[in-house]
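*Asks:* The primary structure of each chain is shown beneath.
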Amino acid sequence: MSTITARARGSADAHAASLAHATETRSRVILKTLRSAPPIIKVCMLIMLIAVLVAVFAPIIAPLDPAKQDLRARLAGPSGDHWFGADQLGRDVFSRTVYGTRISIGVALIGTIVGLIVGTALGMLSGYLRGRFDNAVMFLVDAQQALPFIILALVAIAIFGPSIPTLLMLISIAGWEVYARFSRASTLVVRESQYVLASRSIGTSEQQILRRHILPNIIAPLIVIGTMNITGMIMLESSLSFLGVGVQPPTPSWGGMIAEGRQYLNTAWWIVGGPAFAMVLLTLSISLVGDWLRDVLDPTSRRR
Amino acid sequence: MLRFILQRFLRGVLTIWLVVTLVFFGIRITGDPARMMVGDNADEVTLEAFRDAYGLNESLPVQYGKYVSNLLQGDFGDSLSDPRPVTQIVGSRIPLTLQLMAISLTLVLVIGITLGVIVALRRDSLVDRAVITICMAGQSMPGFLIAILFIFVFSVALRWLPSSGHGSVQHFVMPVLTMTWGGLATITRLTRSSVLEALQADYVRTARAKGVAELGVIVRHVLRNAAIPLVTLMGFLVSGVIAGSVIVETVFAWPGMGRLIAGSVSGRDYPVLQFAVLLVTAMVVAVNFLVDVTYGLLDPRIRVTDV
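The listed protein sequences correspond, in order, to chains A and B.
Letter 185 of the first sequence, counting from 1, is numbered 185 in our numbering, and no numbers are missing.
In short: position in the second sequence from 1, add 1000, done, that's our numbering.
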């Protein structure tokens, strides 16, 4: 959560660079909003924060080496030595889940950021330039939105081979159309505004208008949409890893661990249990916070 | 209207062409396709024979021209792992996937719309809150996890259902439930919000004001109008169950098209993959085309302004 706040505050800074007191008001509003969140949302934000910390400090938090095999501990249940039990090779499920957090959050976050940048840039240009460029981009957006993305992802993996760079590329591509559609729509509104007209009439270049007037005005909701989309990206990555075409073993990923543990469901459910619990906890938290944020930012949606 | 239909049709054809072309060049540009298809440890003689057999020695534009003209003549090539034409292989798998899809889609629509209407009419009640929370939980869980949860409950703990395979009615239960789950949450939430929106519309207030009975208001005014946004979701739903079939069929060892696609990726069977992707794209494009036309017929504003 802290990252969102920081980024939202960052964009607020950019937005009102010349007016220091305005910035202060804005950040105070954000703080006040956060404080007014219902308790369950605060818990969810805490879970998100913990997940990010776990991802960053995985080597410190994990009690054991996630790759270390201990054949005496094969399929051992949860105990003091192995908090979440041990898997079919005697590896510590808790440590692997901790390292899996790193992969899941890392891939989803980087992919989302790249997708956000590319999608926003293309959407803004689309909405600003209109014409042929707009038609071409919107055709791609429609085509991608219509097709089941996992099928396209499987084709790309068949071509480029399963690896983390391929996953990052796919996750960036998975999200861009949402941001492009949204930023195009808001650019269409902003470009007609008085201050853009005023700016253009005093000879500001197109580039400057896009960067100084349009981007700061459309970015905040895009960041919220991006944050909510991280859930989908975590699910995409873990689904591909589950199918065996995402993160490759022995690198621990939640999807991969669940796929491996599947055969041991009736004897050692904890192999699936650890990563499944972590994933559901995180995705559900992000969804709940996202939903709450949307209601706060857009009071009209609350009534529906 | 004719112009609108024609335009939508051309768009669909363009989408199919784009996907086919991207896949074709993707496979050929990113490395030696012969090596990718035959395997890394094949010797040079085998590779050369393979290139000759599949025309990979010719220039790219020539290969592409031949590929497209073959496609147009209904020749989609042969599988690499199985000597039969891909049309036969994929064709034998389609009915099993269509069965899953048809049952799941029906369930999604019937249960989702009913539930959505009920909770919209009792907004903010306990039932409403519970259903919305469950929907959100459902949307936050990937399909494979739901599938594993079902296996854990129904196969491992209760021993009621077989965990994989097909052949009996029992084999249908878990794959259908898993496929239904994801779409159900989306449809329920969408129905709820579009019914709530219709409830606040002026025509509903008018109907109430002129003394129409509450049931009449709901059925004749609210539901009819709330149905329109749901029509547009059909394309999205079909696309969703196709994506779901890849996961569901892999988890439950269901020998349909989804599992064939996943298998052709790890087995590098490019002709099968290319044909399966072409088919999936054509299916989704066709559904979206029908949705667009229906929508255009239902709502005149669309066909006038969107052309």
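It is possible that some hints are incorrect.
Unchecked claim - Computed Cβ-Cβ distance ranges for the label pairs, DEER-style:
| id | chain 1 | residue 1 | chain 2 | residue 2 | range |
| --- | --- | --- | --- | --- | --- |
| 1 | A | Pro-249 | B | Gln-1170 | 29 to 35 Å |
| 2 | B | Thr-1106 | A | Pro-78 | 40 to 46 Å |
| 3 | A | Phe-160 | B | Leu-1010 | 27 to 33 Å |
| 4 | B | Asp-1040 | A | Asp-291 | 35 to 41 Å |
Don't read these hints as lab results, they were simulated from the structure.
These numbers come from a predicted model, not from an experiment.
Cβ atoms here follow ideal geometry from the backbone N, Cα and C, with glycine treated the same way.
*Asks:* Of the hints given before, which are not true for this structure?
*Replies:* Violated hint (a single one): 4; every other hint is consistent with the structure.
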